[in-house]
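Enquirer: Take a look at the letters that make up each chain.
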Amino acid sequence: MRTAVIFVAAGLLVTAGCGSEPSGGGGGATGTMILATTTSTQDSGLLDAILPSFEESSDCVPKPVAVGSGQAMAMGESGDADVLLVHSPKAEEQFMAEDRGSSREPVMHNDFVLVGPPQDPANAGAAGDAAKALARIAQEQAPFASRADESGTHAKELSLWQAAGIEPSGSWYIETGQGMGETLTIAGQKEAYALTDRGTLLATGNLESEIVIEGSADLKNPYHVIVVDTDNTAGATNELCAKEFARWIRSEPVQRVIAEFGVDQYGEPLFAADALG
Amino acid sequence: MIESVHEVLTRSALVSVAATLVAAVIGIGLGTALALARIPGKQLMTAVVNTGMAVPTVVIGLAVALLLWRSGPLGHLDLMYTVHGMVLAQVLIATPLITGITLAAMRLLPSALPDQLRALGANRAQLVLRMWIEARIPLLAAAMAGFGKAISEVGAVTIVGGNIHGHTQVMTTAIVERVGRGDFNSALLYGAVLLALAFAVNGLLASVRHRGASWERN
Amino acid sequence: MGAELSLRQVRQVRAGREVLRIDALDIGPGEHMSVLGPNGAGKTTLLRLLVGVDRPTSGTVTLDGVSTARRGVEVRRRVAYATQQPGLLSTSVRRNVELPLRWRKVPRRERARLVAEALDRLRVAHLADRPAQTLSGGEQQRVNLARALAIDPEVLLLDEPAAGLDAQTRSAFFADLEQALADRATTVVQVSHRAEEALRFADRVVVLVEGSVHQVGAPEALHHRPADASVAALVGYDNLVSATVRTDGEVLVGGAPTGLLHRGPAGAATVAVFAGGVLLADAHGPGLPVRVARVIPGPGHHVLALEGAVSLLAHLPMRVQAPLTGDVVRVVFDPVLSVVLPDSPADPTPGVLDGVELAYPSRVPS
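If you're matching them up, the sequences are chains U, X and L in order. In this text, residue positions in the first sequence follow our numbering: the first is 151, and each later residue adds one. In this text, residue positions in the second sequence follow our numbering: the first is 145, and each later residue adds one. In this text, residue positions in the third sequence follow our numbering: the first is 3, and each later residue adds one.
To be clear, the hints were calculated from the coordinates, so they are not data collected in a lab. We put the beta carbon where it would ideally sit given N, CA and C, even for glycine. Just to be clear, a hint being listed does not mean it is correct.
What the hints assert, rightly or not - Partial list, derived from the structure: chain U residues whose beta carbon lies under 8 Å from chain X:
id: 1; residue: P214
id: 2; residue: Q221
id: 3; residue: I324
id: 4; residue: G331
id: 5; residue: I336
id: 6; residue: E364
id: 7; residue: G365
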């Protein structure tokens, strides 16, 4: 909370220095704000649940664009996005190291789970953690469906393969190049294993797959909010609104909504809030 | 495991050419029957064909997926997420278009032509063959249009094919995927290749049309 | 070896309207039959029945005793039908002529010979390799005919073969057609709305008006004894005027004598007179008083438009001094160039019987 106030103040100073401060309430933050976020926040319905209250409480008009984490970063780099809500820790750290973002703060996390056919032909469920389970799958050459789309989930999957010491390839390794829901559908039809976030798994219907591994330490999926640093992009971004958004999404009322989201529909929350208290 | 453009292009072309060949056989046959034969329910069939031309391709993809689903009526054929399944979807997409253009092409021939051929002593097969030769340019255009629709389509091949790298990825699904990843450069490259292909097909059609007057089955 | 065509009790109904009605018509083997009638008389309808493209609503059409509608392609292949529109296919002239032969499974070598011969007969051999669409109207008609003749049909059906040709081309075309048919025994049915074409080389002529047969007869019979006014108009009588036949046989027009005597029944009648049969009479003698409305110089004669109780067209030989416009003259009708047609409904079509009697044996080679 304290840091957010500091950033807002810093933003005011920057824009005042440029002599082009837009008028309006909410500390002068106004106009259209592009929010580049991962497909999982959109597909799970979280954005639809929380964004209207941001529109009400500020003069900013958020335009959410749901893309893969890779494209979200690319949009931030080119100045096509003002603020990012992403879950690709390694890429995010790289992004920050290149001074592309002015702030990066935790928002929430959800669990990744490894799913597979109910019979679990590779006996991956007994492996204990995800990396060991993947090793068994590779050993058995059991089909595995990968998003292969440079999304946060894909990045997570690759880091797990790396941890297992395996470079997956061969006809058993199915690269869909599509979103999580489609990949889960393909995995279900092909009786393949797949790595997914719990939110999308719960939101995707007609699946025969079942959870094989869950809750292990190597399956955590943290989301961060990144304010794009306007000084290091090609086009001028709406940094004021971005900062307003970053402050807002980490505020207590929004965090409570996030923590409750999904309980009505699935009987359990889809995300765990990371900025409460 | 990113495939080379040339592999994806080859797969795209093979799938769409196969689908176009099957759709041309069905479409030209059906269009000719609707134009020439006195069959009951002709009007209804024509309406179905015209509707078929306007059905969004993703809806066709969805219908095919429901059939090929493992739990679906044709699930045992194991065609979901295979190139054969994609060919089937594209056949269903291209056939109404080819049928419709064939019907129009046959109606554009002189109305007296069938009687004229009959009076010259043609039997039914000879009559139909000669009608096709007379309408060869529009019929070729029909097949080309079917090919163009099949190869440029993205919704149905995504649903039925699954865009699986090395197996069912085609040009259009590759473009969508790369845009989704923010890899606009290779998306543009794929787009340019697809554009070049469309241009080549149209150029071929134009040159055939140009020489069409002297072309003849021998 | 021409074939014999027969129609019995044929009725053709289209869109609820009877477009053709022929109780009985026989066309003998090798006979040249012309069908004369105005546009819309049912001439093309008749040809389509003869070739078997259409089947009659009722009645039978037979070729050598075989129904044309029932046997389909076998019967059609004995018949050649040259339609009014040449309808050439979009390929070379040679191929157009060759195609019906190929359909009839004529061997390739034989085909080449027959095509060359047919093109030669119709004087279009030099066009053989041209795309058919690039030909002129007259050339297309000739190729159309060559295509029909190449198969050496038993029956040749010609639908207005010279339609769309100018007068000079038409004359040359018919000369070539006549020559092409001269040494063959083909049965020919030619349809035309022009008397000079229909009568030209026909053994017999059928006159069709509004779907029904008004007269069947030799060309001479049509000229000398047309069955009714419509036939008279078709064969070229320039004047058709209403008249009254007195009991003494004198024929009056508008109460004035015409110089004609008629031996038929008294009462209302129509007089048909060729323009050359309208003669100038003594101004004070008996005759039809008329006023000269116009005088136009024609080929070898004056053309006079005359107005009186009726309007008349007269041809006056050049050697006679023509009257002046506005003159009142008296005319009489030349009995040789006139015919009296009683309007009596009791005797509807005497010409038909007349024609049958006059029909002479056709040119069947024995």
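Enquirer: It remains to establish, for every hint, whether it holds in the given structure.
Expert: Hints, verified against the model:
no.: 1; hint: P214; result: 15 Å, violated
no.: 2; hint: Q221; result: 3 Å, holds
no.: 3; hint: I324; result: 5 Å, holds
no.: 4; hint: G331; result: 12 Å, violated
no.: 5; hint: I336; result: 5 Å, holds
no.: 6; hint: E364; result: 25 Å, violated
no.: 7; hint: G365; result: 29 Å, violated
Of the hints listed earlier, those the structure fails to meet are numbers 1, 4, 6, 7, in rising order.
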